[in-house]
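Undergrad: Given chain R's structure and the hints, the job is docking chains Z, B and F with the ligands onto it.
Read off the chains here:
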Amino acid sequence: MSTEPLIFEMGAPGRRAATLFEMDVPTRPLIDLLPAEALRQDDAPLPEVSEIEIVRHFTHLSQRNFGVDAGFYPLGSCTMKYNPKLNEDMAGLPGFARLHPLQDDDQAQGAIELVYRLEEMLSAIAGMARVTVQPSAGAHGEITGLMVIKAYHASRGEGRRNIVLIPDGAHGTNPASATLADYEIREIRTDARGGVDVDHLRELLDENVAALMMTNPNTLGVFDENIVEIARMVHEAGGQLYYDGANANAIMGLARPGDMGFDVVHFNLHKTCSTPHGGGGPGAGPIGVAPHLVPFLPGPLPARDADGGYHWEDAGEQSIGRVRANYGNFLVLVRAYTYLRFHGPDGLRQVSESAILNANYLMHALKDLYTLPFDRTCMHEFVLSANQQKARGVTAMDIAKRLLDFGMYAPTVYFPLIVPEAIMIEPTETETRETLDRFIEVMRQIDQESRTEPATVTQAPHTTTVGRLDQTLAARKPRLRWSPGDAPRTAEKSVPVGVSR
Amino acid sequence: MSTEPLIFEMGAPGRRAATLFEMDVPTRPLIDLLPAEALRQDDAPLPEVSEIEIVRHFTHLSQRNFGVDAGFYPLGSCTMKYNPKLNEDMAGLPGFARLHPLQDDDQAQGAIELVYRLEEMLSAIAGMARVTVQPSAGAHGEITGLMVIKAYHASRGEGRRNIVLIPDGAHGTNPASATLADYEIREIRTDARGGVDVDHLRELLDENVAALMMTNPNTLGVFDENIVEIARMVHEAGGQLYYDGANANAIMGLARPGDMGFDVVHFNLHKTCSTPHGGGGPGAGPIGVAPHLVPFLPGPLPARDADGGYHWEDAGEQSIGRVRANYGNFLVLVRAYTYLRFHGPDGLRQVSESAILNANYLMHALKDLYTLPFDRTCMHEFVLSANQQKARGVTAMDIAKRLLDFGMYAPTVYFPLIVPEAIMIEPTETETRETLDRFIEVMRQIDQESRTEPATVTQAPHTTTVGRLDQTLAARKPRLRWSPGDAPRTAEKSVPVGVSR
Amino acid sequence: MTYIPNTPAEQHAMLRTLGAETIDDLLGAIPADVRLQGELNLPPALSEPALRRHEMALAGKNLNLDEALCFLGAGSYDRVVPSVVAHLAKRSEFLTSYTPYQPEVSQGMLQATYEFQTMVCQITGMAIANASLYDGSTATVEAALMAVGPGGRGEVLVSRAVDPQYRQTLATYAHARGFTLREIALDGGATSARDLQAHLGPETKAVIVQQPNFFGIVEDMPALEALTHSTTALFVAAITEPASLGVLAPPGAYNADIVAAEGASLGNPIGYGGPALGLFATKADLMKRMPGRLVGETVDDRGQRGFVLTLQAREQQIRREKATSNICTNQALLAVFATVYLASLGRQGFKEMGVQCVQRAHYAFDQVTALPGVRPIFDKPFFDEFAVTLSQPVSAVNRALAQRGIIGGYALDRAYPEQGANAALFCVTEARTRDDIDQLVRAMKEVL
Amino acid sequence: MTYIPNTPAEQHAMLRTLGAETIDDLLGAIPADVRLQGELNLPPALSEPALRRHEMALAGKNLNLDEALCFLGAGSYDRVVPSVVAHLAKRSEFLTSYTPYQPEVSQGMLQATYEFQTMVCQITGMAIANASLYDGSTATVEAALMAVGPGGRGEVLVSRAVDPQYRQTLATYAHARGFTLREIALDGGATSARDLQAHLGPETKAVIVQQPNFFGIVEDMPALEALTHSTTALFVAAITEPASLGVLAPPGAYNADIVAAEGASLGNPIGYGGPALGLFATKADLMKRMPGRLVGETVDDRGQRGFVLTLQAREQQIRREKATSNICTNQALLAVFATVYLASLGRQGFKEMGVQCVQRAHYAFDQVTALPGVRPIFDKPFFDEFAVTLSQPVSAVNRALAQRGIIGGYALDRAYPEQGANAALFCVTEARTRDDIDQLVRAMKEVL
Ligand SMILES: Cc1ncc(COP(=O)(O)O)c(C=O)c1O
Ligand SMILES: Cc1ncc(COP(=O)(O)O)c(C=O)c1O
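Keeping their order, the protein sequence lines are chains R, Z, B and F. In this text, residue positions in the first sequence follow numbering that gives the first Met the number 0: the first is 0, and each later residue adds one. In this text, residue positions in the second sequence follow numbering that gives the first Met the number 0: the first is 0, and each later residue adds one. In this text, residue positions in the third sequence follow numbering that gives the first Met the number 0: the first is 0, and each later residue adds one. In this text, residue positions in the fourth sequence follow numbering that gives the first Met the number 0: the first is 0, and each later residue adds one.
The following block holds chain R by itself, in its conformation from the complex:
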């Protein structure tokens, strides 16, 4: 079928699916138990559908969605690697999935131990003194890390430090998190080699700088050769160095942020540790910190008893406090733990090495047809510009859409902002050479089409269940929910009838 109705457009009054336990306790009228004003007047107008309708509806929806299991997902900055099924099975064990967060510690020894060991592993990978797994995602790690830095400065009487430096290529969460922590942002330029412009950094550094936030490799996929110098400069100015670990897939077992001079590191376990992405979440964004920042970490933290048991320890006096309820995205942590234990030190290094190899392999093959703004060996990803194609009337967005026709997801486009018509490609280590070769072939074909039949590209995609969507209509006259009486938004154009699916 060409479209799937909304679940609210299905069903009939009185239909339902779930059964609850039979009522087996004596009941009293609600009105005897609760104040009349507090009671709901009308039922929540949820759909009235049977189980088979639900099953078919969500099966159909799933069939209208593309995941890593269906094909190549070269989405730069997102590390869409293979998501091991073992992860899911482990997270599904009743001993993990059916645990209440407020049970006594002695009823959750295995869970606390797992978190404890995970923190140890992440500390080792990052070269940090201590990790907390509390943050729910990368951006949550960022704000947590910045609050830790803030508390650190305050503890030293340097509460005045109100500026965070951020390279112009940075991910949007970095400035957004800094604002949330009540910092002002100064943007640092990228130099000709794709790294931090050290001269510009020097200009911006002063006694009000709280931190520099950066990724390394950065969003261009480039490892900043000056990282040691940068760290020295920032530390000399009394600032702290924050590592956005979204790109950690490039450095495991090769280089540790701690050794580079970073004071805080966050991980995106849903990227680097394949936990998986779930259509946009959940993730987990643990942060690791250098020794001087440990006292400021949020609580609670897992701790080991003298007798080998484990317990949750409340945060100390200097802690920033709590950043969310309970202990982080626990079942995501189980998946990450599984991933790391499966790989071990040797395997993790191979992961990063292979991610780098695959990226360079693609970059090497594509750079003659697409502009490579920074022509250097890349790390786990690289950024092309479609400016040559643009000159022919084919944009990066068009190329992205055309790729969908070949059973592949599109790279990230228009990010980082510093590259015009950016196409950010991250193949990850879990792709076969054949898949990479196929992608090269398709990218070559699209470039060819941009010369010979640009409309094929600019009108793409052709083979997907829906065509290009009207983003302007969506934003100008927002419809963010179904309401009774809503007719589907459709244009007057005729749709082929009688030919479904």
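Hints listed in this document are in silico derivations from the structure and should not be mistaken for laboratory results. Note that the coordinates shown come from a computational prediction; the quantities given were computed from them, not determined experimentally. Just so it is clear, CB atoms sit at the ideal spot from N, CA and C, and this is done for glycine as well. Accuracy of the hints is not assured; some may be wrong.
Result set (DMTMM-like, lysine to aspartate or glutamate): computed pairs, CA atoms no more than 25 Å apart in a straight line [claimed, not checked]: (1) LYS350/F <-> ASP31/Z; (2) LYS60/B <-> ASP104/R; (3) LYS389/R <-> GLU202/B; (4) LYS366/Z <-> ASP313/Z; (5) LYS444/B <-> ASP103/R; (6) LYS444/F <-> GLU182/F.
A few chain Z residues that don't get close to chain R, going by computed Cβ distances all over 12 Å [to be verified]: (7) LEU5; (8) GLU50; (9) ALA153; (10) ASP196; (11) TRP311; (12) GLU312.
Simulated restraints, written as ranges between beta carbons of each label pair [what the hints assert, rightly or not]: (13) GLN470/Z <-> ALA192/F: 45 to 51 Å; (14) ASN254/F <-> ALA153/Z: 35 to 41 Å; (15) PRO416/B <-> SER154/R: 24 to 30 Å; (16) ALA192/F <-> SER482/Z: 30 to 36 Å; (17) GLU433/R <-> GLY200/F: 53 to 59 Å.
TA: Then chains Z, B and F with the ligands, alone, in the frame of chain R:
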């Protein structure tokens, strides 16, 4: 992608997915442990593929398959009802799924109890004295039941009875099973009302008849009004009455085969109890028998101890013996048990009632456009003839193929054999009225097309991943496996390129 | 071990096309002095079967809710979840996809999220809802931030009957972001209207009240709302037990401006509290100030209905430091679970769940408080949780209950020291049968 | 409860379009005297959560292989199964489909089955294989039936070292179908070549030998094959432990005519022995006599490769009483499990599995037979099972082992009374680590 390669066409030497435990015992050269002649010379040439390739391959294959979860499956005689997810979860419990069949009975008390209770429930539904769950599917139930009948006759010195009567509308397994039990088959004609031709039956009945095998409702979806008379006649002639329970979805809580006079009944739990079909299996084909046949049942049978425990009891002296290893398709039985306990007596009756209602609703709406050879109220299914459409050049097969274009599976066609251009439709009770209405609409459209644009039907399907397949080539020059060097069978016709999925 | 498909031989061939011999040839940009010498200090790799055993052993050290009867609530709830939910929500097309940036191949996730947003509106009675936030606590933080406004200061009032973990989280953010957080005192287990009134002022940006509150008590929301709206402050309803919405008036009915809720118990595994599911709903006119992703309905170039991420100009990927929130990855998959779950309950089932919670909890209350050594702490109406004082410390009682396969109530002194060590909060949802409750009562009789 | 979507009101409306008022109006064809009065005598319906609890309790009464270390084999094997297998094979598109009668919308199942047929050929070394039969025992029956031929009589010889359950099943069918079944005697745990020779004759249609045999012993298949093929009989290799094919010569290599095997342990849950997976492979020239479904490769009307059920003229749906077998529903989904599993192991892993079985079983043999009170029964080469005599009855030993979390060996007197009550058959697959084996040895030391 328009086709998915075979797994043998993927991968590369040295690739693999699964990991086993590290070898942690001292090892010796194989040749010291096993005779040289007994050793395999070359590795089994299984594919060499990585985990991500496997995941994508079988995900793609699944995407090229249609199940009940994806849409309406009105496949007559097959009872393609909704398969409850609860069934799967229960069958997946480690206490059931991770049990070795030869464990001591005291380690499998829950499993034996479940089988015991399931047998009780099936006995109640069939109106039989005792059930065994050993048979693996309907056909296995048939041969088991016939062997029981054979042993019974032999025990009474009537080993001469070598004939099984089978109505001409019967399913192919009935005669095939009878042959396997070393019987000769006599076909009984269907009368003008769609039932057993009682006069013909009378003619065929003699002292050599071992049994009459029939379904009721039969494969026309018609309940045989003469069933009591038929039973009397067969019994008077010394024969036994075998009930093919493939159509039991029509009679639960409404009529019991035992009360109709049947001596043996098989169930198709994968039909009636939704266990599900699994692309062709596994099924389960328990049989129930009348009291006089109980001693002949195959073993082992579950039994209840005096202290409330359960054990497996070996078959008695008169038993036909064992019909397979272990205790039947246990995990299928768990699903059937789940299904029956969920429904209870009231629910099961509603199942049959609603199945009957849905079938009559469709039949009523379609009988003006498609020929209804036996124009009577039907039970859970009914059979149309496309003879009118055939006259326009559109066959039952064409209609089946055209239905696929609308996101529906096709009815059973060309069965039963007694109806020309048969279209056998079984909606089941789990379909919504909307789905039934949509099916009616599509069937009307196809009839219309048979008048105005028959080629649309005869060349269907149009929207499926592959078009009509060359059955003749497949059978004339059979290729039943991939071999190294095989090129895919493809015709020279051009396939659109560059447009995947 | 790894999930890398290419063999060393293939990798070598690939390297050669790059003019390299070893991977090290690609790593020149990493300065020698930060290049890791030797291997990471990690435990060695485990094979899949060994790892499975290891984690089954770890999991086995926990007392799980299939093994023990749970009477703990306090923000996380053990629900009856139909089997369909996980079967559908875990389909790999959902599980292994990213945020639906390419809508043409992501209609499944987008439409499911649109349905989720709608259902959140349906149960809360609000006009619009977003695609999810991290959890109930951070959703409450986002509500406060939204009320305070970008760069703004001012005061946020939070009832002391709001989940203590939420209040702690609010405090952390208030401190960093630079607004003032004040707590409103309790009055017999409910939010003190008098104290609220005393604190309200021109600086007040928001008032946050939990319904039912942390003690399970049903607050007089209309009264608190009226007080709040006598100023310019926004009235924020925090909800940790969404089952209550089957029975209690939805925040839309008492004119809440923002709803921040914990939706994990809507079909998701309880999972030791994470991942959780932050729900966030508000009034239509606050749309542009809203945090988080939004899916909207639109049309495609073929004239078909379709769905897209919309109003992204509020978000960090566009607005960067001026974004309404820094959230990026959210809890999308949990939203799918919740959507399937709510569809599965449907209109009738959702109400029935609420009613069952009330009835079962009141039955339990009657039985438990009839025991010698137990007395109720408050006498206000409650939903499915109630506070009692025991004749012994909760910790001791809980240890004894655990031996009887029961997970006892929450020790209130963890967050309310004034209640003393013997005060416990019991929770009885629709997932606790009469038998379960009777078992608890028998066990408590033995223990106390 | 039911899964019926339509409400009573809708059903009533539907009835009215039929001119009926109640369902009873549609049931006129059922004679009054067979119409059931009252309700079926069944236990009342259980809600989903109640049923889940009930079955979890039932399941909990069983000692499962995640809880206890299993050293039982004897036809069913505890394997290391990668997580991917169930995730893929259980996808609902496979699970909820029927036999692929409409190939245009069933290519997934058809291609997977074609791959299965190929893999069965690859591991057995045979030319062709079918789409599955019920289990190993009935596959062996089908082999005998195929050899005897339609309506034919004659004799089938089966080694006494073939799985006793298979021999019992053969006997049942032989009796009904009308052929003679004779057992070949044992010689030190292996099939006696001398006794085989003595029984072979013009009436012999098939000789069935298990490799490795029921005692785990590796038979001299080339010798038995040569003897068999000195007559017109077909040589049938029965295999219950397919892991052996990673190490032992495949039946194709010793010129077997038919392979009948139990494939359940290839990736499927052990499931108390069912559903199981009958594998059946044979020589190309026996194709038309083969039982069971076959998938073949063909082309579609667009020129694309496709797959269909083929050679159906052998089957009951076409040939009816003249079919090669009565099988209809087979074990299709288990075949998909096996296909994913075999792909996952692949060429290297399949061999490694076989090698591990041999090595681990021999380590265990050495350790166990070094214990006082244990001695080996046979001295023939074995794969992953071995028979020993204990100083006490197996039943008593197994009870004691169970208390130590160990599922002990198979009591050989169940099928071979001459071995006495103290004879046990132990199995050690690739799923038993050294630790596991050492645990068994320690426990036996305590027990014996
Ligand atoms: C470079 C970079 N930094 C930060 C983030 C934010 O991480 P999350 O989405 O987990 O909040 C992302 C995620 O897309 C990213 O790519
Ligand atoms: C009427 C009828 N009888 C018997 C059978 C055989 O049952 P099974 O496929 O379970 O062997 C079927 C299955 O299609 C059937 O429809």
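Undergrad: Now look at each hint and say whether the structure bears it out.
TA: Status of the hints after comparison with the structure:
1. LYS350/F <-> ASP31/Z: Between LYS350/F and ASP31/Z the Cα gap is close to 17 Å, so the pair holds against 25 Å.
2. LYS60/B <-> ASP104/R: The given pair, whose Cα atoms are some 11 Å apart, holds under the 25 Å limit.
3. LYS389/R <-> GLU202/B: violated, 52 Å
4. LYS366/Z <-> ASP313/Z: Violated: LYS366/Z and ASP313/Z sit about 53 Å apart, past 25 Å.
5. LYS444/B <-> ASP103/R: holds, 21 Å
6. LYS444/F <-> GLU182/F: violated, 38 Å
7. LEU5: holds, 14 Å
8. GLU50: It is violated; GLU50/Z is separated from chain R by about 7 Å at its closest Cβ, not greater than 12 Å.
9. ALA153: holds, 48 Å
10. ASP196: The claim stands: ASP196/Z keeps its Cβ more than 12 Å from every Cβ of chain R (closest is about 39 Å).
11. TRP311: It holds; TRP311/Z is separated from chain R by about 30 Å at its closest Cβ, greater than 12 Å.
12. GLU312: holds, 34 Å
13. GLN470/Z <-> ALA192/F: 45 to 51 Å: Since the Cβ atoms of GLN470/Z and ALA192/F sit about 47 Å apart, the hinted range of 45 to 51 Å holds.
14. ASN254/F <-> ALA153/Z: 35 to 41 Å: holds, 39 Å
15. PRO416/B <-> SER154/R: 24 to 30 Å: holds, 27 Å
16. ALA192/F <-> SER482/Z: 30 to 36 Å: For ALA192/F and SER482/Z the Cβ distance comes to about 34 Å; the hint holds.
17. GLU433/R <-> GLY200/F: 53 to 59 Å: Distance hint for GLU433/R, GLY200/F holds at roughly 57 Å.
Checked against the numbered hints listed earlier, the structure breaks hints 3, 4, 6, 8; every other hint is satisfied.
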